[in-house]
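Novice: Each chain, written out:
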Amino acid sequence: MLKYQSDEPVSCELPHRPRAHSENNHLSAPPASKAQGSKPKHQRTQSEFPLKTIGIGLKESINEEWRTERVPNLSSEEHLHSDIGITSGAEMDEQMRLPSGVTLESQSRLQDTALDNPANSHVVGSPISVNDLTAMDMARLKWQPSNSKDRVGTEDTSGLKNNAIQKPVHGDQSIGVGFDELVDRLLSQAKSKTDVKFVAIFLCLYRQFSAPSALLDAVISRFETVDLGSSSQAIRLTTQLRHLSVLATWVSEYPGDFAHPLTRVKMSNFTIALAGQRQFSMAIKEIGFHLDVVSADDDTFWAVSDATESMTDDIDSSLTGSSVQSAPLATADQRDTTDDAFSNDKGARAIERGSATPSAASSAGKSSDRSNTSLEASPKSVEIAQAQGRLPVAPPRAALCKIHWHYFMELSDEDVARELTRIDWALFSSIRPRDLIRHVSLTEEYKGKYKDLDNVKRMIDLFNHTSFWIANIILLREKPKHRARALEKCIAIAWVRLSDLYGVQ
Amino acid sequence: MRLEILMGTQKSHFPYRLAWSNTSTERIPFLPLHCRDLASAEEGNPTYIGEDRNRINWKKFEVLGDVMTSIQRSQSIPYTGIVRNESVQRLILDVRFTKDEDVSVLRKPCAYGNPSLLY
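As you go down the protein sequences, you meet chains A and B in turn. With the numbering used here as the guide, the letters of the first sequence map in order to residues 1 to 505. With the numbering used here as the guide, the letters of the second sequence map in order to residues 506 to 624.
Next up, chain A with everything else stripped away, as it sits in the complex (with noise of 0.2 Å):
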């Protein structure tokens, strides 16, 4: 039980956590108030309950750690468990099986993380190239016996070009992950630097899958699940207080996906529901003032929508939350006319943002790797740069001639690069990472829907026109000599931007 105690005050550590995206401070004062309340409680209960559950509460506690620092106790643990009689990973399943937000899923990821003890360093962890994935996951599916399928799913990675990929998370990913554990993962405590950035890639390309108003569905009857638990009311809330979070994140981030009225409706209904509890106030007050903001943008009829799915039945059972939803239809490009109903006011929308939200501006501007999952530039840049990114499609005046030449050749390397990344700049920050795969993912009838991908055609032609620039103005002059001058500028400039950019020497 020494052990126990010492890991008491680490527990305590929760509500610090350095998760830096919109989880402001208004989250973390009630959990702090409420970790304090909650040592006693559990010192209390350790000592009615038998070894057994001492042990499991043990893990308990263990979970609500950074996992990557609880691994050599996490072994040493398990001789714990092996001494009062529980051996194998499955038994513990079973009776690990806490109705707090542990689910399964999340236990499988243990018993994962809990053969990660030193000597077997080199099956998990690491991040691998694709060249060896067959030989570790043979390697771990012998540690792992119940997990023994074989890995058709992974040869699909074989598709991708030959770079470093992190380890897979899940042990039977042959058969691919449901939706149902997809959600619990997002919904889970984070446990390593993936988990981290899960969130953030979850909610950006979820819609390749699955409708808003079914992953809302899924997050709330998860909520609401929590409830029922018997886990002590720390425990509980600290849990819905992580999926108010991710909800936060969520509608600040990609407030498109609320733009359907039912989905809106439903949002709604839900926040008002919580807002009389004082826990709860603060998040959800949160999530409401991001609510008032929604309106109907690229991300709204894009993928898997609501407009696909028929929601417009019947507005009653919709509301009361029984399943109207069957498997998400097609993932390609459906598109709708009825976008011209909703007021597409973005920039509105950015201003009001900008003004209100300082607190997601400046965990944005943090550039902790590890911490930042709030993945938007400052609601304000967004709106200057969308400005600015108007600006470079100016027609053009004169033909390029000598005088730009010798005007060209006088100019510092220095004020060239930093002109040229200016205008990059204020182009690529304009740019929201759905658009990135909208670009990839659309066939062209499909594309002209989406205002906002103009901004990367935008990016592709300023690309397109500063190469066809550099080759014009190298070329300009038709002697050899002068060609070299000006190509030998080219690549200071180049030289000044890149390390500028990247650091390179």
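Worth flagging that the hints you see were computed from the coordinates, not collected in a lab. Quantities reported herein were computed from a predicted structural model and do not represent experimental measurements. Every residue gets a Cβ at the ideal spot worked out from N, C-alpha and C, and that includes glycine. Among the hints, erroneous ones may be present.
Computed footprint of chain A on chain B, listed as stretches where at least three residues anywhere in the stretch have a Cβ under 8 Å from a Cβ of chain A [to be verified]:
no.: 1; stretch: 528-539
no.: 2; stretch: 555-565
no.: 3; stretch: 568-575
no.: 4; stretch: 594-604
Fit chain B to the given chain A structure using the hints.
Specialist: Leaving out everything else, chain B in the frame of chain A:
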């Protein structure tokens, strides 16, 4: 020479990728490369595994997501303090020239070859 080393296309732009992942200051990605990554990941992997559409190939989205998160991270660090340089901007943007790959052929052929320009 250093430029060739950094942006060389061997091993799928390996030096660039290394520099890109190791930079934490402001940066702008080399979009053609990242778009190509996204396109190949998007098309080379099915979204669903199996006949019914219940099992999602999450690895595909992990790959897509890795590219996206690095780009998003770069967007979160703005360039500050660069002032517009009117004359340079006009020089670069407002000048008319032929945007044709064969332009160097139309002029006197030079000894430097015709770099590939489009992506």
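Novice: Each hint should be assessed against the structure and marked as holding or not.
Specialist: Now the hints, each set against the structure:
Interface restraint, the stretch 528-539 of chain B with chain A: holds (10 residues with C-beta to C-beta distance below 8 Å; minimum three). A stretch counts as covered by a chain when three or more of its residues have a beta carbon under 8 Å from one of that chain; for the stretch 555-565 of chain B and chain A the count is 10, and the coverage holds. Proximity of the stretch 568-575 of chain B to chain A, defined as three or more residues with a beta carbon under 8 Å from a beta carbon of that chain, is established by the 6 residues found. With 10 residues having a Cβ less than 8 Å from any Cβ of chain A, the stretch 594-604 of chain B passes the three-residue criterion, so the hint holds.
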